[in-house]
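Number of protein chains: 2
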Amino acid sequence: MTERKRKNTNTRRALLANEIAQAIRLRAFRPGEWLRQIDLEERFQATRFDVRSALDELAVRKTIEHVPNRGYRVAEVDMKTYEEILAARIILEKATAESVVARIDDAAIARLDALAAQFSAAVTTGSRTEQSEINRAFHQFMYSFCGNAVLEEMIWGLRDRGRGSQITVWSSHELLQKSDREHYEMMAALKARDPGRLAALIATHIIKGAPVGPAPIEPG
Amino acid sequence: MTERKRKNTNTRRALLANEIAQAIRLRAFRPGEWLRQIDLEERFQATRFDVRSALDELAVRKTIEHVPNRGYRVAEVDMKTYEEILAARIILEKATAESVVARIDDAAIARLDALAAQFSAAVTTGSRTEQSEINRAFHQFMYSFCGNAVLEEMIWGLRDRGRGSQITVWSSHELLQKSDREHYEMMAALKARDPGRLAALIATHIIKGAPVGPAPIEPG
DNA sequence: TGCAACAAAATTGGCGCCAATAATTTCGCC
DNA sequence: GGCGAAATTATTGGCGCCAATTTTGTTGCA
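Protein chains in written order, with this note's numbering: chain H, 2 to 221; chain P, 2 to 221.
Wrong hints could be hidden among the right ones.
Note that the list lumps identical chains together, so a pair holds whenever it fits in one copy or between two copies.
Stated by the list, open to error - As a list, the in silico EDC-like pairs of lysine to aspartate or glutamate whose alpha-carbon atoms are at most 20 Å apart:
1. K63 to E154
2. K63 to D106
3. K63 to E153
4. K63 to E34
5. K95 to D181
6. K81 to D51
7. K179 to E77
8. K81 to E43
9. K179 to D107
10. K192 to E77
11. K95 to E84
12. K81 to E99
13. K192 to D79
No lab work stands behind these hints: they were computed from the structure.
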């Protein structure tokens with residue numbers, strides 16, 4: 002009766018899908034770029050069948066887009082959808098504040114402090130992808146205390162989808178520093194056990210991290 | 002320049018996936034039941050390949066579950082996950098209240114009134130699936146005015162996932178009547194342009210529609 | 001020189017076959 | 001007669017092949 006464990010998500014397909022998803026996250030493939038199956042099977046040492054399965058999965062997850070008889074390309078999200086994604090993220094991520102404050106313990110707060118410090122360091126010395134990964138780790142660890150796996154999953158799905166926009170996440174060094182500062186403000190709210198303040202900070206963090214105003218130009 | 006339309010979601014796969022999803026929604030296949038590929042290709046007159054593609058898609062959407070070398074079965078959501086889904090639904094559906102109130106027009110309110118009346122009728126005369134479909138139509142139409150397609154999509158994804166639980170949605174006739182009454186209370190809040198009240202009603206509607214207390218026993 | 005039609009190459013995508021694995025039945029032994 | 005092991009059957013799943021389609025390149029004509 003104790004043997005209902007093996008809920009194995011299909012090993013190979015999901016594995017490759019995540020590899021490709023990560024490559025997209027790291028901007029190895031840029032929004033709008035075509036993903037040729039032949040290139041992928043060579044790059045990831047996979048069979049054509051696995052590549053196609055993985056691409057199908059990513060298409061369902063809206064990470065990429067499928068055009069019949071043309072292939073798959075990294076999803077480009079238009080401005081309207083991007084704003085919808087941000088609005089949805091604000092709703093979901095704000096909603097974690099209360100339970101995160103309630104459940105997080107001192108050890109976890111210490112670990113978050115360390116991650117915030119890591120981000121501070123990366124702001125000056127690290128590469129763009131390092132900054133991104135540390136930032137991700139910070140928020141992922143914080144949200145993991147909300148006690149709702151379904152919610153978490155949706156948040157990360159949305160964050161991934163948002164990458165497909167033209168908006169550069171930290172378009173200037175000032176914004177990067179602002180993000181850095183806000184991390185510490187969140188830590189303060191956490192330590193003060195103030196969920197309302199944390200929620201407010203999360204909202205501005207999401208909005209300010211991606212400025213809607215002057216859209217930076219992306220060279221083709 | 003006007004020809005960037007054909008974002009054709011893969012026709013056949015998605016079509017079959019939705020057919021199967023609907024069958025699951027209508028309880029033609031019950032949670033935990035195995036979906037044999039041979040049966041499906043006969044039932045839906047599709048090739049084995051299409052069946053498998055559709056099943057993969059549904060597995061990514063968490064409507065069904067894939068067990069390697071065993072096949073696909075309708076997802077069974079455990080109690081913990083079910084509560085997480087409800088919590089997430091409350092967050093998302095409440096969040097629509099403000100913009101729905103702001104955007105909905107009188108014609109739409111009239112149409113919603115009609116749907117509420119249809120549901121009232123179905124409470125006494127209709128079948129369980131009729132009730133379910135009308136209820137779905139009511140909420141779908143209402144939420145369609147929130148102006149955020151991403152949000153809507155997530156809401157319907159969660160509602161579908163929730164079907165996999167052991168909980169019977171309207172476990173008694175009283176709960177069905179309660180749902181009916183609440184629809185009219187929502188209409189009143191809409192007409193009064195009171196988003197706060199609407200949000201509160203949505204929350205209780207979700208909680209009360211699926212009682213957590215006395216879990217009804219399902220014969221194996 | 002520009003444009004259109006045609007030909008060649010490259011890429012995607014449907015599908016059927018058969019090996020691998022699990023479920024079921026049968027058979028033999030205790 | 002009950003239990004376990006081996007054989008049989010059923011089902012899934014990996015994969016390669018080739019047709020359909022699109023893109024690129026070329027040629028001929030105005």
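For each hint, the structure was consulted:
1. When the C-alpha separation of K63 and E154 is checked against a cutoff of 20 Å, the pair qualifies both within a copy, at 14 Å, and between copies, at 12 Å.
2. In the homo-oligomer, the alpha carbons of K63 and D106 never lie at most 20 Å apart, since the shortest distance is 35 Å inside one protomer and 32 Å across protomers.
3. In this assembly of identical chains, K63 and E153 lie within 20 Å of each other by CA distance both inside one copy and across copies; the values are 17 Å within and 15 Å between.
4. Within a single copy, K63 and E34 get their C-alpha atoms as close as 15 Å, which meets the 20 Å cut-off; across copies the closest is 28 Å, which misses it.
5. With identical chains, the CA atoms of K95 and D181 are at most 20 Å apart within one copy only, with a shortest distance of 18 Å there and 31 Å across copies.
6. Taking identical chains as interchangeable, the C-alpha atoms of K81 and D51 are never at most 20 Å apart, the minima being 33 Å within one chain and 33 Å between chains.
7. Taking the shortest alpha-carbon separations for K179 and E77, neither the intra-copy value of 27 Å nor the inter-copy value of 44 Å comes in at or below 20 Å.
8. Taking the shortest alpha-carbon separations for K81 and E43, neither the intra-copy value of 36 Å nor the inter-copy value of 42 Å comes in at or below 20 Å.
9. For the identical chains of this complex, K179 and D107 are neighbours neither inside a copy (25 Å) nor across copies (44 Å), given an alpha-carbon limit of 20 Å.
10. When the C-alpha separation of K192 and E77 is checked against a cutoff of 20 Å, the pair qualifies neither within a copy, at 39 Å, nor between copies, at 39 Å.
11. Taking the shortest Cα distances, K95 and E84 sit within 20 Å of each other both inside one copy (16 Å) and across copies (19 Å).
12. Proximity of K81 to E99 under the C-alpha cut-off of 20 Å is restricted to the inter-copy arrangement: shortest distance 19 Å between copies versus 29 Å within a copy.
13. Taking CA atoms no more than 20 Å apart as the test, K192 paired with D79 passes in neither setting, with 38 Å inside one copy and 34 Å between copies.
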